[in-house]
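Given chain A, put chain B in place with the hints provided.
2 protein chains.
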Amino acid sequence: MARIRTGKDGSRKDVIVKAAAALFHEKGYKAASMRDLAESVGVEAASLYNHIRSKTELLHDICFNVANLFWEHISKVETSDAKPIEKLETLLRFHIRQMIENFQEVYISDREWRYLADPYLSNFQNQRRNYRKRFAVIIEQGIADGEINKIDASTAVLIVLHAVSGIESWHRSKHKISGEELEENMITILIDGLKK
Amino acid sequence: MARIRTGKDGSRKDVIVKAAAALFHEKGYKAASMRDLAESVGVEAASLYNHIRSKTELLHDICFNVANLFWEHISKVETSDAKPIEKLETLLRFHIRQMIENFQEVYISDREWRYLADPYLSNFQNQRRNYRKRFAVIIEQGIADGEINKIDASTAVLIVLHAVSGIESWHRSKHKISGEELEENMITILIDGLKK
Numbered sequence: 001m002a003r004i005r006t007g008k009d010g011s012r013k014d015v016i017v018k019a020a021a022a023l024f025h026e027k028g029y030k031a032a033s034m035r036d037l038a039e040s041v042g043v044e045a046a047s048l049y050n051h052i053r054s055k056t057e058l059l060h061d062i063c064f065n066v067a068n069l070f071w072e073h074i075s076k077v078e079t080s081d082a083k084p085i086e087k088l089e090t091l092l093r094f095h096i097r098q099m100i101e102n103f104q105e106v107y108i109s110d111r112e113w114r115y116l117a118d119p120y121l122s123n124f125q126n127q128r129r130n131y132r133k134r135f136a137v138i139i140e141q142g143i144a145d146g147e148i149n150k151i152d153a154s155t156a157v158l159i160v161l162h163a164v165s166g167i168e169s170w171h172r173s174k175h176k177i178s179g180e181e182l183e184e185n186m187i188t189i190l191i192d193g194l195k196k
Numbered sequence: 001m002a003r004i005r006t007g008k009d010g011s012r013k014d015v016i017v018k019a020a021a022a023l024f025h026e027k028g029y030k031a032a033s034m035r036d037l038a039e040s041v042g043v044e045a046a047s048l049y050n051h052i053r054s055k056t057e058l059l060h061d062i063c064f065n066v067a068n069l070f071w072e073h074i075s076k077v078e079t080s081d082a083k084p085i086e087k088l089e090t091l092l093r094f095h096i097r098q099m100i101e102n103f104q105e106v107y108i109s110d111r112e113w114r115y116l117a118d119p120y121l122s123n124f125q126n127q128r129r130n131y132r133k134r135f136a137v138i139i140e141q142g143i144a145d146g147e148i149n150k151i152d153a154s155t156a157v158l159i160v161l162h163a164v165s166g167i168e169s170w171h172r173s174k175h176k177i178s179g180e181e182l183e184e185n186m187i188t189i190l191i192d193g194l195k196k
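In order, the protein sequence lines correspond to chains A and B.
Counting in my numbering, the final residue of the first sequence is number 196, and the numbers go up one at a time with none missing.
Counting in my numbering, the final residue of the second sequence is number 196, and the numbers go up one at a time with none missing.
Hints may contain errors.
[Said to hold, decoys possible] Using 20 Å as the maximum straight-line C-alpha spacing, the simulated DMTMM-like pairs for lysine to aspartate or glutamate come out as follows:
1) B/Lys150 x A/Asp192
2) A/Lys150 x B/Glu89
3) A/Lys196 x B/Glu183
4) B/Lys196 x A/Asp81
5) B/Lys150 x A/Glu184
6) B/Lys150 x A/Glu180
7) A/Lys195 x B/Glu181
8) A/Lys196 x B/Glu72
9) A/Lys150 x B/Glu183
[What the hints assert, rightly or not] Ranges of calculated distance between the beta carbons of each label pair, as one might list FRET restraints:
10) B/Lys133 x A/Ser178: 15 to 23 Å
11) A/Ser11 x B/Lys76: 55 to 63 Å
12) A/Asn126 x B/Arg35: 35 to 43 Å
13) A/Glu78 x B/Asn102: 35 to 43 Å
14) B/Trp71 x A/Ser122: 19 to 27 Å
15) A/Arg132 x B/Ile187: 17 to 25 Å
16) A/Asp192 x B/His175: 50 to 58 Å
These are computed hints drawn from the structure, not numbers from a lab.
All figures in this text were calculated on a predicted structure; none of them were measured in a lab.
For each residue, glycine too, the CB sits at the ideal point set by N, CA and C.
Okay, chain A solo, but in the shape it has when bound (with noise of 0.2 Å):
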């Protein structure tokens, strides 16, 4: 039988929890089967089982991977010496890098959460929710500070989110300008946008 195969870095795991990221990007996760995950990363369905117990392990590994990833990243930010707009685009950056090189990942964790079980389900929202509110009081800041244009700040959030969204339908473009370009193009669009 085959053994899975791992880069330098990587845990047999690690490949398990990347290959299922693709494949419930592909087909959604409620179509995708460990039937498909098995043949996608080359093994016998069996020999997953070593290495995890189902479907909805693997997306509760995705899912509080990326959220701890943000949540990780907004803390180092709320903690630096940097002015409330030089924050935002710090965020943003991470945000549209993230859509960019983790797509997959950034995407099941944020369109298939909702089939989680709880009581991860409340906790993942729960957290999903605080980021937001974390993002918000930059922007608050911002305000304050007189940096930022009067706005409401939860609103403004909704806003660059569903904008940094946006990036799946340049994954799926042919004539694609370059992950770099895009991120300037945004941070141009929406830090400008915000400054006052």
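Chain B only, in chain A's frame:
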């Protein structure tokens, strides 16, 4: 048997199409049945067929009603004497208001069009692609005039239209600002972000 109640201006068919949009939004096009629709309109399923032939016909009507609305609007905007940046503001305000006031129809037309059958599917996709191109042309005119930041125009279209689609979350949120405030916030962020 109950008759289909109509408003002052609407035909019976309009009432059915409107109810279909609400139902497709709630359940998804695939999962929604003609029986569900009959129930929501308050008539027997059989009597729906006096007005429409199939579920696909309803999807077709919703998608093309919305597409034609945007098509007519951009045609008027293109021939106006306004500057490109003003044209963009007019287009964006129209998108925003449609997402607020005509939400269910716009949502279906944006998300469920993939269930259309050919030749309607290809027609719809062409119309959508052409609309975005015409939108991009206006941005390019603004860049050429030095009014708009130098960015990739198709990417800018992608970014602003995705930002506007974020109004979906606004509809779901509990503590929400008014539609007018939402519109002004979005215009502030997006138009100021495009302006040079």
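Evaluation of the provided hints:
1. B/Lys150 x A/Asp192: Status holds; Cα separation ~13 Å.
2. A/Lys150 x B/Glu89: Holds: A/Lys150 and B/Glu89 sit about 19 Å apart, inside 20 Å.
3. A/Lys196 x B/Glu183: holds (18 Å)
4. B/Lys196 x A/Asp81: Answer violated: B/Lys196 to A/Asp81 is near 29 Å, above 20 Å.
5. B/Lys150 x A/Glu184: holds (11 Å)
6. B/Lys150 x A/Glu180: The given pair, whose Cα atoms are some 15 Å apart, holds under the 20 Å limit.
7. A/Lys195 x B/Glu181: With Cα atoms ~18 Å apart, A/Lys195 and B/Glu181 stay inside 20 Å; holds.
8. A/Lys196 x B/Glu72: Distance ~34 Å between A/Lys196 and B/Glu72 Cα, so the pair is violated.
9. A/Lys150 x B/Glu183: Given pair A/Lys150, B/Glu183 holds - Cα atoms ~14 Å apart, limit 20 Å.
10. B/Lys133 x A/Ser178: 15 to 23 Å: At roughly 21 Å between Cβ atoms, A/Ser178 and B/Lys133 fall inside 15 to 23 Å, so the hint holds.
11. A/Ser11 x B/Lys76: 55 to 63 Å: Hint holds: Cβ distance 59 Å, inside 55 to 63 Å.
12. A/Asn126 x B/Arg35: 35 to 43 Å: About 38 Å separates the Cβ atoms of A/Asn126 and B/Arg35, which means 35 to 43 Å holds.
13. A/Glu78 x B/Asn102: 35 to 43 Å: Holds, at about 39 Å.
14. B/Trp71 x A/Ser122: 19 to 27 Å: With a Cβ separation near 44 Å, B/Trp71 and A/Ser122 fall outside 19 to 27 Å, so the hint is violated.
15. A/Arg132 x B/Ile187: 17 to 25 Å: Since A/Arg132 and B/Ile187 have Cβ atoms about 22 Å apart, the given range 17 to 25 Å holds.
16. A/Asp192 x B/His175: 50 to 58 Å: Cβ of A/Asp192 to Cβ of B/His175: about 28 Å, so the range 50 to 58 Å is violated.
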